[in-house]
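Engineer: Two independent chains are provided; combine them into the complex using the hints.
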Amino acid sequence: MTITRSEVERIAHLARLEIGAGEVDAVCAKLDAIFGLIDQLDAADTRGVVPMAHAQDLSLPLREDVVTETDRHALFQREAPAVEAGLYLVPKVIE
Amino acid sequence: MLTATLAETSAALHAGRISSVELTRGVLDRIAEHDPALNAFVTVDEEGALAAARAADAALAQRTAGALTGVPIAHKDVLMTAGLRTTCGSRMLARFTAPYDAHVVAGLKAAGTVLVGKTNMDEFAMGSSNETSWFGPARNPWQRDHVPGGSSGGSAAAVAARLVPGATGTDTGGSIRQPAAFTGVCGVKPTYGICSRYGLVAYASSLDQAGPFARTAEDCALLLNAMAGHDPRDSTSIERPVEDYTRDLARPLAGLRIGLPAEYFGAGVEAEVGAAIEAALAVLRRLGATTVDVALPNARLAVPVYYVLAPAEASSNLSRFDGVRYGHRAERYADLADMYRKTRSEGFGDEVKRRILIGTYVLSHGYYDAYYLKAQRARRLIAEDFRRAYAACDLIVGPTAPTAAFRIGAKSDDPVEMYLGDIFTVAANLAGAPAMSIPCGFTGAGLPIGLQLQGDYFSEARLLNVAHQFQQATDWHLRAPAPFA
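One line per chain: the protein sequences are A and B, in this order.
Read in order, the letters of the first sequence correspond to residues 1 to 95 in the numbering used here.
Read in order, the letters of the second sequence correspond to residues 1001 to 1485 in the numbering used here.
These are calculated hints, taken from the structure and not from any lab test.
Take the hints with a grain of salt, since some may be wrong.
Calculated cross-link-like contacts (lysine to aspartate or glutamate; reagent style EDC-like; alpha-carbon spacing at most 20 Å) [said to hold, decoys possible]: (1) A/LYS92 with B/ASP1322; (2) A/LYS92 with B/ASP1338; (3) B/LYS1411 with A/ASP32; (4) B/LYS1109 with B/ASP1234; (5) A/LYS92 with B/GLU1331.
Label pairs and their calculated CB-CB ranges [unchecked claim]: (6) B/GLU1008 with A/ALA85: 47 to 57 Å; (7) B/LEU1336 with A/LEU60: 31 to 41 Å; (8) B/HIS1230 with A/GLU79: 26 to 36 Å; (9) A/LEU60 with B/ALA1370: 20 to 30 Å.
Ideal Cβ placement from N, Cα and C applies to all residues, glycine included.
Excised from the complex, chain B in its bound form (with noise of 0.2 Å):
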């Protein structure tokens, strides 16, 4: 029962098998076991949990339960938790707690989750593999001298190692569907302006947006729907009508048309990886979908353009770090400026003091045209690729990174190799269109290898049909590592 799908669980709760009590110690123990060799957990509540678990077997009782109810899961720790420690994997916030919940915590908090931890993260969630946090990596559950992913690589190692069956995460350039793809799971980054974006610690306000991890679409379509929704407190949540993402999930997939940019499947992409996406889509065609190319002609300027705009918003972001209001203050100090100075110095590593000099860079006098606009200028071309390709094609498929999980280290020292991995997924954050990572193969050394699934605004409901439709025919989320089944 501990390793079930957030769907069984629910079934089970429902069905009174188990009590969401019990559920949760198993949980618990299940973490204190297998955690320290995953390090995917920054802080866990038990104390919190278990209250939680306690409230909801009164709700099941009562017959109040929703579909969530009594369900484990976890945060990643960018989300701000109401009373409990939210870090953003950073020695800024190593001490800080939450004074109110974000929006989507409050969310699936209503919906009668279980909160029992809080994820590890790259650090502000800049990275794409997990090193850069504070609280060192976490571990890739498939194997574990290898990054799980990032930034949210906590939340998909916990989900992966099967400690929980769902957890958020917030994906800025990727960080959701990278590490899902890395380890094996699922992860949805929704349209920019689903989720509100009240409580998410910002890194590139434009770009930011949460989304759910687990290991089926349907898990997926099931928390979205407790994450969704329109929030006046965030200015770019998007106001339209609530959605059920699970109502299309038994669709069948006849006359579906897939568009294959030649842009994902060129130089670049490990074959082992090519090779799992070319039999997806056969998997899919077999299933009913017509395949078309389309062009994305100006894709290979996503990285650049994100890595002008990202560091921009986040260097602006990151300023309230000052040592006064909130968070690390530096122990000695001659004056106030030296007091921001030696507390941002301490209080930030490498990655976030390299990505906000880039962003105070290209934001500076005599520079803003060159960069930072001309950056602007190129996120319209990109944006505007995706609504040419959606005339011809229903969604984009493709792979959701050019190779599987890298060794811990490989990259840590090398950030233009780091950032050229984030070379398909940054392109949907840049235009702000939904997108997600489901398992689709393996490579000979035994890691995951991630399929993205990316659609027009709006397209949830139909990608989580189409990666729902492609796992009632295949069976690479099944797939759990060995330690952890």
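So here's chain A without its partners, still in its complex pose (with noise of 0.2 Å):
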């Protein structure tokens, strides 16, 4: 298959990726080769099978409908680039 420049640019806009003008012929090139390689699941027969999404056939594990976690936001917001009031400060989205 081919992944043309207009699939990179709105695969970058799903991903919120910046790929320069100058970049996407470099970028088309090389998502091209690898799907060159991907593209060769074609020759697979998967007709019936299940799809197997998880290494271990677990069921989800159920807990007790109690509190566990404390309230730890403090040392949490530590680490983003702007806080004010317990609150993550982000541009005006709304005019």
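Structural biologist: Here you go:
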């Protein structure tokens, strides 16, 4: 398959990544080569095979509905780039 | 003493021949002397290490010490260490201090180990050479213009250079075993679910698994004893009785059935690697093992499946890095969307961006069935190959990697070439089964060669048994790279 420039721009937008206009072709070429490898999957006969999402057949564990975590927001927010009054600050989104 | 194995170090500490503080100071001095040539460490925590060593000496004096008390180790920088910088080899987290310990970090701390520092790695564990690290490549102690492998390259290099007797790594597609092979040490990827992923910064959650590096199988077993165990904080952590992974080390190999898949001995394996594997098989046969041909007909699908599923999971996991709650935030931006874009574009390196793009693509509308579901179906075919093979054998043996370590830069511009090097390691991750690499020879150029042992689910003790018996009959694991001997 061939990945087009517009597809690269679309997925970069979905992934919130910026690819400079001058880099798109190089990114395209590398992704093309990788999808050449991935496309070897086409040859596999997977009809009727149940998809395997996980290594173990685990059921979702349940626990008692009790509080186990303590409030550590001050500790965690120490790592945030911008915080005020216990809130994460981001650029204004509503005019 | 400073270059002793973990078990020897433990014995010396318990016999009072050296204190943990003396040992730790010596280790810190060795790191200061040698690490500039290796770049195996991202962070060295002298103060924390000496405090832990003093506590270990107190426990040794009070006879409350265990096998790992006072032993210096290092953690891969993808494992959260409370109060200590945890970078994942990325600019995104270059100044991030972990607020809590990963489960395996806490386990090794509770066992009394002395954490001396955090090791270099491919960015967010995405790479097979340690070249994608924001902090520059770690170097192979055997030949410093060669890669140590990846993604846990720093841990492997640190253990190979005798800077620490043991270290942790994580293995999503071979990231413990391949660097172990490239640097001539032992590395174990346990069964998925044995070591909790709590505090392991996620790359591909259905594949990620932590494990130990050390010079001997016995040392790996001692470390794994402190890392394994059920943890309710990881919903995929398996609840099963605690095991002593050293319990079978001394078991003779008579009756052991080794499966040899033709797929692991064909084209693409360097001749010197193939010859070393054959020689290792001869040793195992002499020790009483028999070999039987088994088939893994879907082995060729493993790399393509991996490079769909791992990037898909990565693209989702790494969406959390948005410049809001932790990590890098761009200096200048026009609005929120621009802040996300600039933050992520500055914070992530090329390989991470590439895998996020692949993952976003295969999960996007119109491609999900063709790529993601198709790969999940093929993943089951690969797992079923192993199930069938283990009806006829106890473990599967082959090369860990098709080649020995390559030169820094040799593959860095060709991702496909780099990905193909994972051919023998990714299948164990996809199946979720345990595997390990042990040294079994050298190339003519003096680079180590790794032997991979793979087993059925929960067969770690058996793998370690076979590795230990091999090491009783060979001395590959005793060879040290000259500048660090």
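Engineer: Indicate, hint by hint, whether the structure satisfies it.
Structural biologist: Status of each hint after checking the structure:
1. Straight-line distance between C-alpha atoms of A/LYS92 and B/ASP1322 comes to about 15 Å, which keeps the hinted pair within the 20 Å bound.
2. Of the supplied pair hints, the one linking A/LYS92 and B/ASP1338 holds, its CA atoms being roughly 12 Å apart against a limit of 20 Å.
3. Of the supplied pair hints, the one linking B/LYS1411 and A/ASP32 holds, its CA atoms being roughly 17 Å apart against a limit of 20 Å.
4. Between B/LYS1109 and B/ASP1234 the alpha-carbon distance is near 19 Å, which keeps this suggested pair within the 20 Å criterion.
5. Among the hinted pairs, A/LYS92 with B/GLU1331 is consistent with the structure: their alpha-carbon atoms are about 16 Å apart, no more than 20 Å.
6. A hinted range of 47 to 57 Å holds for the C-beta pair B/GLU1008 and A/ALA85, which are about 55 Å apart.
7. About 34 Å separates the C-beta atoms of B/LEU1336 and A/LEU60, a value consistent with the hinted range of 31 to 41 Å.
8. Checked against the given bound of 26 to 36 Å, the beta carbons of B/HIS1230 and A/GLU79, roughly 29 Å apart, stay inside it.
9. Between A/LEU60 and B/ALA1370 the CB atoms are about 29 Å apart, so this pair conforms to the stated range of 20 to 30 Å.
Checked against the numbered hints given earlier, the structure satisfies every one of them.
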